[in-house]
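**Student:** Given next are the chains, with one letter for each unit.
2 protein chains.
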Amino acid sequence: MHYLGLDIGGTFVKAGLVDETGRVLESSKAPTVTDDLHAFLSTLTDLIREFQKTNEIDAVGIGVPGLRSSKTHIIETSPNIRCLKHVNLEQLVADQVHIRTVSENDANAAAYAEFVCGAGVGLQHMAHLTLGTGLGSGFVLNGSLFTGASGYGGEFGHTVIQAGIDGGGRLCGCGNHGCLETYVSATGIVMTAEEKMKAFPETILHNIEPPLTSEKIYAAAEHGDKTAQEVFKVTGRYLGIACANLMNLFNLEMIVIGGGVMAAGDLLMYSVMAAAKSNTLAPSFADCRIVQSKLWPDAGLIGAAMLARDR
Amino acid sequence: MHYLGLDIGGTFVKAGLVDETGRVLESSKAPTVTDDLHAFLSTLTDLIREFQKTNEIDAVGIGVPGLRSSKTHIIETSPNIRCLKHVNLEQLVADQVHIRTVSENDANAAAYAEFVCGAGVGLQHMAHLTLGTGLGSGFVLNGSLFTGASGYGGEFGHTVIQAGIDGGGRLCGCGNHGCLETYVSATGIVMTAEEKMKAFPETILHNIEPPLTSEKIYAAAEHGDKTAQEVFKVTGRYLGIACANLMNLFNLEMIVIGGGVMAAGDLLMYSVMAAAKSNTLAPSFADCRIVQSKLWPDAGLIGAAMLARDR
Chain L
1 MHYLGLDIGG TFVKAGLVDE TGRVLESSKA PTVTDDLHAF LSTLTDLIRE
51 FQKTNEIDAV GIGVPGLRSS KTHIIETSPN IRCLKHVNLE QLVADQVHIR
101 TVSENDANAA AYAEFVCGAG VGLQHMAHLT LGTGLGSGFV LNGSLFTGAS
151 GYGGEFGHTV IQAGIDGGGR LCGCGNHGCL ETYVSATGIV MTAEEKMKAF
201 PETILHNIEP PLTSEKIYAA AEHGDKTAQE VFKVTGRYLG IACANLMNLF
251 NLEMIVIGGG VMAAGDLLMY SVMAAAKSNT LAPSFADCRI VQSKLWPDAG
301 LIGAAMLARD R
Chain S
312 MHYLGLDIGG TFVKAGLVDE TGRVLESSKA PTVTDDLHAF LSTLTDLIRE
362 FQKTNEIDAV GIGVPGLRSS KTHIIETSPN IRCLKHVNLE QLVADQVHIR
412 TVSENDANAA AYAEFVCGAG VGLQHMAHLT LGTGLGSGFV LNGSLFTGAS
462 GYGGEFGHTV IQAGIDGGGR LCGCGNHGCL ETYVSATGIV MTAEEKMKAF
512 PETILHNIEP PLTSEKIYAA AEHGDKTAQE VFKVTGRYLG IACANLMNLF
562 NLEMIVIGGG VMAAGDLLMY SVMAAAKSNT LAPSFADCRI VQSKLWPDAG
612 LIGAAMLARD R
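Those protein sequences? They're chains L and S, same order as listed. Mapping the first sequence onto our numbering, position 238 (from 1) lands on 238, and the numbers just tick up by one. Every position in the second sequence, counted from 1, becomes a number in our numbering once 311 is added.
Do not take every clue at face value.
[To be verified] A few chain S residues that face chain L, going by a derived Cβ cut-off under 10 Å, partial list only:
(1) F323
(2) T470
(3) A555
(4) V602
(5) Q603
Honestly, the hints are just simulated from the structure, not real lab data. What you are looking at is a predicted structure, and each value in this text was computed from that prediction instead of being measured. For every residue, glycine included, the Cβ atom is placed at its ideal position computed from N, Cα and C.
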């Protein structure tokens, strides 16, 4: 049995032919259209038909960056791909390609991948975080993907970690202040660097050609710049506190972390572990391992394919 | 069938004879011994035996203020009742009174009560918060009491809402900084008032005879003192942000709030609702009602009794 997983990103739609064990056999991608549903749909159906030429596809799974209703299967919000708002994407795709199609929030799909064939195989309680431009998150609780009353659950990136009632958490893309995503993501790293640069005129971060990116800040840190290193330490502390919040709330067995930001390795993870330990109630900390993703950057499309297999 | 529910508080152990529908038929209480396990145990067994004189008790349920292992049934931590640390309380009690006995974290028991016979009957996804000296919390997810890998889950009061890496969240009893409980509880109200009093020398809060308590601050607010009113508004905003965090993470159907602090009513709840709405992703906010507890102050003992019925 073969499944086609699609992972819709802000820039590219990635597609992968996945076998029933979660192995990616072939992959492909195409630019994402964000403002024209007809063109967006053509991108997806073209990708699927290309794979159909040489393979029998048993079902299609789509990871969507937005809130999808598990009751109606309609995408209620998708801030970065606006043509998807109020669309039943899986129905539209199935009608075109005549293959059973399921969809799910992309971060939930990624968590499901790590659960069924990645770092979290066999566990009952795990969280999966993806640190990219934003912070994606999904949860497996009691051995099942947890999505809440209508499928909108799991939005850890928009929980407030800096309430700042008397002095301002950072402004998030969602319109609120102090969301975790504004501290723990590539975007958050840039914001932390910009704050530090005001205090430290001697840092080589001032010499970086704009735009400032988390990759350039990491390069400066690798080059020995103390301020750039401090940016990753601070980010790690926020991420560690975030992990502690999850452990105190869910008493997890594992937190799996993926995403481009994880390339920073020990520079980030040392302070993640220290902050996680000091902020978690000891019995819950003892139960939980914090590990790197096994499936990044393919977790999204593998998870979508595995949901097509299992739903 | 009759069940005896025990709710162990820092000052009193409350006991209630509960019928199989969750109705409290008779109740009693005794002072809590915190530092002597033998004496503590005698308090419990005396209470139980007193009820046994006139009633047949089918099972005993105990709500414990601490982290209880669902694997070993041992209480791993109980900061306020230190003699319970590393004790299998339900076994010790059962051995003495020869009745089947179960125990559970007190806040989880209270959540279970609201789920089986209180505000949340028939729901699949709900949270229960108790605002007292601290902040108790318990969760029902997918129609079951959620307690995580080893039973330690649900500790929302110790999630960090004010990470304050560059400037200090409040010190919590757990040793960390910025825990929700330090903002949203009777203790948090006093801390907020103390902060406001520094800025507002004209408030009548300065005239209150020590110790300052949330009740006295509420009385000042009722008396028209603007600073005291602002204390409740700020507390409500923190609680609203906390509710938003839960809705974004769990996509709940209901948040049930109980505890003495809720006597503040609209003075608190108006800003709770405003902050919850503005900080929650719209589809998740639309799914959830925030309501007052139906069973407070008996939720803990009723929940313990209902767990004795159902486990």
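**Student:** Hint compliance check: list the failing hint numbers for this structure, sorted ascending.
**Tutor:** The structure breaks hints 1, 4 and 5; every other hint is satisfied.
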